[in-house]
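Model the full structure from these sequences, guided by the hints.
Chains as they are written, first to last, in this note's numbering: chain A, 1 to 325; chain B, 1001 to 1325; chain C, 2001 to 2324; chain D, 3001 to 3324.
Calculated from the structure, these hints are not laboratory results.
Even for Gly, the Cβ is constructed at its ideal location relative to N, Cα and C.
Hints should not be assumed to be uniformly reliable.
Stated by the list, open to error - Simulated DEER-style distance windows between Cβ atoms: (1) Asp3185(D) to Glu220(A): 55 to 61 Å; (2) Ser3229(D) to Thr1301(B): 55 to 61 Å; (3) Thr3(A) to Arg2123(C): 44 to 50 Å.
Stated by the list, open to error - Quick list of in silico lysine-lysine cross-link-like pairs, DSSO-like style, CA-CA up to 27 Å: (4) Lys2324(C) to Lys3251(D); (5) Lys262(A) to Lys2039(C); (6) Lys2252(C) to Lys3324(D).
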Amino acid sequence: METKYSKKHLLSLYEIMYKMRRFEEEVFEFYKKGMMPGLAHLYLGEEAVATGVCAALNEDDYIGSTHRGHGHLVARGADLGKMMAEILGKATGYSKGKGGSMHIMAMDKGILGANGIVGGEIPIATGAAYSAQYRGTDQIAVSFFGDSATNEGTFHESINMAAAWNLPIIYVIENNLYGISVDIRDVTNTANLADRALGYGIPGVVVDGMDVLAVQKAAEEAAERARSGNGPTLIECKTYRWQGHHVGDPAVYRERKDSNEKASWMERCPVACFRDQILSMKITEKEVAKIEEAVEAEVQTAVTFAEESPYPDPAEAYTDLFSDL
Amino acid sequence: METKYSKKHLLSLYEIMYKMRRFEEEVFEFYKKGMMPGLAHLYLGEEAVATGVCAALNEDDYIGSTHRGHGHLVARGADLGKMMAEILGKATGYSKGKGGSMHIMAMDKGILGANGIVGGEIPIATGAAYSAQYRGTDQIAVSFFGDSATNEGTFHESINMAAAWNLPIIYVIENNLYGISVDIRDVTNTANLADRALGYGIPGVVVDGMDVLAVQKAAEEAAERARSGNGPTLIECKTYRWQGHHVGDPAVYRERKDSNEKASWMERCPVACFRDQILSMKITEKEVAKIEEAVEAEVQTAVTFAEESPYPDPAEAYTDLFSDL
Amino acid sequence: MREILYRDAICEALDEEMERDDRVLLLGEDVAFIGGNFKTSVGLYDKYGDLRVKDTPISEAGFVGMGTGMALTGLRPVIELMFSDFMLVAADQIINNAAKITYMSGGQVTVPMVIRTPIGAGRSSAAQHSQSMQAFAAHFPGMKVVVPSNAQEAKGLLKTAIRDDNPVLFFEHKMEYSNKYMIDDVVEPIPFGMANIVRPGTDITIVATSSQVLKSVKAAEILEKDGISAEVIDLRTIVPMDRETIIQSVKKTGRLLVVDEAYERCGIGAEIGADVMDDVFYYLEAPIARIGTPNVSLPFSPALEFPLIPTVEKTVEKVKKMMK
Amino acid sequence: MREILYRDAICEALDEEMERDDRVLLLGEDVAFIGGNFKTSVGLYDKYGDLRVKDTPISEAGFVGMGTGMALTGLRPVIELMFSDFMLVAADQIINNAAKITYMSGGQVTVPMVIRTPIGAGRSSAAQHSQSMQAFAAHFPGMKVVVPSNAQEAKGLLKTAIRDDNPVLFFEHKMEYSNKYMIDDVVEPIPFGMANIVRPGTDITIVATSSQVLKSVKAAEILEKDGISAEVIDLRTIVPMDRETIIQSVKKTGRLLVVDEAYERCGIGAEIGADVMDDVFYYLEAPIARIGTPNVSLPFSPALEFPLIPTVEKTVEKVKKMMK
Ligand SMILES: Cc1ncc(C[n+]2csc(CCOP(=O)(O)OP(=O)(O)O)c2C)c(N)n1
Ligand SMILES: Cc1ncc(C[n+]2csc(CCOP(=O)(O)OP(=O)(O)O)c2C)c(N)n1
Ligand SMILES: [Mg+2]
Ligand SMILES: [Mg+2]
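Here's what the structure looks like:
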């Protein structure tokens, strides 16, 4: 297979996807061992989306994330230790344990916030795009959200404003077919959610969300459009989540229409398939293994760091509400 | 000119439009004389929209209305006296003076409510459509709203559900170009708001909102679609309001882009033009004049009724919050 | 009597009311095929079908508004909001619309709609999924506000809510769903506006809501050992409020503590204190007091979250202070 | 000193802050070309241009959320909501997002955003355009809540709000916009959390907000003639609240009346009473009292609306009762 991308770039894409995968497998382990408070929504299976999109970005660009946000953080190079510590509710986490999995914020990586409100982050990311336009910088914003978030009013209001004002933003639908148990096809009438773009006069693109290079390509075009003042793009990435909605969801609803649904998507695993793909492109098993080892070490360090970190002091509950009170 | 409609029907359309016109001229008079509490949003100039749409409906269909709702009420045959009394805050008004111009409700005419919240009535009308479907009746709902209401999240959420579930409803955009002072073309990126339909997989129709027969035709098609279980239609009626946003608005913003804007729309007055039109269709000046006299009498009776009606007793402020407390 | 999970008591109430009245229908996210995020409608989809037990898209303002439209046209919808925090997404439809329409129409119409939604912290759900929205609901006129304390109460009050002709906000405590309770074989509707003295006492009146009722009873048992006799009142409904029962109790005990899990500021404790003040002032032997959630956002980490939640211990301690 | 309309004082504060700091921008419906529905931003569009004074579409949740995104990325947006009732359309963005982000991020970021919006009844605007949303705002943690009482206060407090690094809800009273006031030639920012004793007195403390401050002063003048000396405190900010000034005053006077136009239930009166209760209880010579908007929707007809609004007369009457 041919690609315009360098070997180094391909390896780095693989590294990121593999890191997401391994990181979240460890999150799931913590849950199973009863060491994780609350719940987490895993990105397993959707790795190519965040990886491909973020590959098209600059360091100072902005990301609006979701309840299923670990992948976005990893793709932006967030610190795995601080992430895992946050997920375990430790004082050393990104948000000092106040946010948890659903609210990890990493401002140093341009992550404006994960958000527990479906659709809640879309206008916020749009505001960051307005801010970039206002300040006259070269920055753009990316707003990630799920298929079902496209049915919230904030989706509509945000895209309309971005379209009217040519804001530098990319809207990325992570269409994994479900909002919890509800099949998006039962609550919406269009085959492709990208068609929503038609109502706003902006481009709407459908992309194979299991193919990291396809995603990157679509994102690059959208980023170029945004940076050159031509406004937003809506990209729909067709993807699938390996697990239930959250770590505790058996996901019985999936067998409802097609008993083979999960299996057929898993065959197209973005991590495994991309591994095969790059091995067919002058990259050696050894090079890949080296990356996997390094990732493994990084993940284990994060796990240990998180485990060994202390819980916050109860008095901390009363700080950080305001910057000054 | 040819039309499939009977003389009687044409005259009744004219009667309704003329009634709206004369009723609201009297509302404006009350305002100018300082006899109207608060404000009112006049439908002057937009008469063909409500008249044409409602001509396609049955008596038991439902209407979701707006802050600019007098026209919808008149089109449904609401009692002018009770309307005017409500607008003046009298005890004999439709809502006992509790609602006022922006909240006239006439459940006996299927008016689910005027609504002071832009976009607020759209889901309510959609629920009435669901209710009709659930109860297995032949009823449909019509949701009227302005161009700028299409930028509220409720517009999006409602149409998506109606489209997904084939609800029997017609969404009617009264596009008079402005939301208060804001030109819809400055805050939205599509030439036709009817294009919004594309994102939901439903038909979107643009209609000359100054032409009552064109509106009726579009509404009939949509009603037919709704009643036969084929779901919603979005109809955009291009129209214009003669007055400012409300009775107290000088509307300076209109001369901003095109100093001839108002004049050119007024040339196409839906009432005057339709009058000319029917006079060219075997209807006589005398027949028209007779209707005008009857309307005048009805309007004057309403004015007198409203003027002479008492204000509500202050104790009434505490009733009707709950049906039982 | 029989044993039942709180969540199943909710489900039974829904089922019995739907059985009784085919104008009743249920809408919300994930209520149908999987029987609800907290499993409060298991089986109803199979029994009543897709039109009557409806999985909605994630469009809270939209489907609450649809509920209003249904209620105006002859149906009696029950709407589930997955977390009471999401009332804020639909706040305009709830407060500016559903709650005001009867009034704005001059009594022409009623809006018989129930919004059921879980409140409460304790699951490390963090700031956007842990709030208790009953004071918010009570602040605005036009809604009845129900805060059941256990399975029997939840079942009986939910039936009343569904039969009520007005908008009712029905708050289920999410930490209760998996709790087991004994309930009557047949649970009759429990009238609104009648508080329930669940434990008589003479030294102090504790007015509690939702899961704080049981906690208050436990506190009262502990206080008993110290010779303090606490009367515990289950408020049941915040709107309408049973002032009389509270006033009579405080006149007897001379002390009032309100325990409710909503944020403290402009909360239920403040309200009850202000509401009965004139009637009880000259009987008071100590300042009226309240326990609520402190005025900070709810944190994720259990190390931070638990200290913020009203507990048996906090109630015991506060009462002891008030007795000094 | 010079004479100025309340609305122009708001406009001056915006202008001066925009002049001082180019990170400040203004967004809202009709704020630009026509200078605001209540004419509080006349001239700013011409002076600062389309990107900085922005007419938005009717998308309150959308543009409040955008404000948050701006605030997170180096700007200091001022958002106008045309009526405070519309906070409910954007409630999730205000309360679940803007107000919680600093906390949820563990203090990584601040959200320097001001939401300006009018409150108050008196214009026959009916149930959806007449509410006073300050108690609602104060109930939820994470926002500062400002209720200026006149033009000078509005100008000084708005400057402080814009310079504050946190979300601030700034409530302007719509019946004030056309009122004339004398203000200082140069108005400095007025610090938050410092109540203002606008009229000293010895018999009763009246804590008032917004346009009720002037009404309370008028009431005090009337009461004076009956030999009753009322101390009137302009609260200025509900969050943060200046408890100390209130407590000291009540310790002196022995009586407390709170006058605020929000709905009474779970309102500001209830809160202040509960908040200071412990500190003043043994000094009280009468029950703490409150005047607010009764717990019904606001009606259209002036015949119904005016009787619901807190007035000078109601305050006089209530104080007289409290002095008995
Ligand atoms: C406003 C709001 N409504 C409902 C929920 C509950 N909820 C959390 S995630 C989710 C499904 C989201 O689906 P989608 O947008 O497709 O994202 P996915 O989980 O599939 O990644 C729901 C309903 C919520 N968190 N916020
Ligand atoms: C939620 C909400 N936002 C803002 C307003 C203030 N407002 C009343 S009417 C109006 C303009 C509506 O424009 P459009 O929908 O085009 O209807 P039109 O008035 O032109 O008929 C606005 C902004 C409101 N009433 N409700
Ligand atoms: Mg999904
Ligand atoms: Mg318009």
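inquiry  = Taking the Cβ atom of aspartate 3185(D) and the Cβ atom of glutamate 220(A), is their distance within the range 55 to 61 Å?
reply    = holds, 57 Å
request  = For the pair supplied as a hint, lysine 262(A) and lysine 2039(C), confirm whether the alpha-carbon distance does not exceed 27 Å.
outcome  = holds, 24 Å
ask   = CA of lysine 2324(C) to CA of lysine 3251(D), is that 27 Å or under?
value = Holds: lysine 2324(C) and lysine 3251(D) sit about 21 Å apart, inside 27 Å.
query = Taking 44 to 50 Å as the hint, is the beta-carbon distance of threonine 3(A) and arginine 2123(C) inside that range?
reply = 46 Å Cβ-Cβ, so the 44 to 50 Å window holds.
inquiry  = Given the hinted pair lysine 2252(C) and lysine 3324(D), is their Cα-Cα distance within 27 Å?
reply    = holds, 25 Å
task = Determine whether the Cβ-Cβ distance between serine 3229(D) and threonine 1301(B) falls within the hinted range of 55 to 61 Å.
result = Given a distance of about 58 Å, which is inside 55 to 61 Å, the answer is holds.
In this structure, every one of the numbered hints holds.
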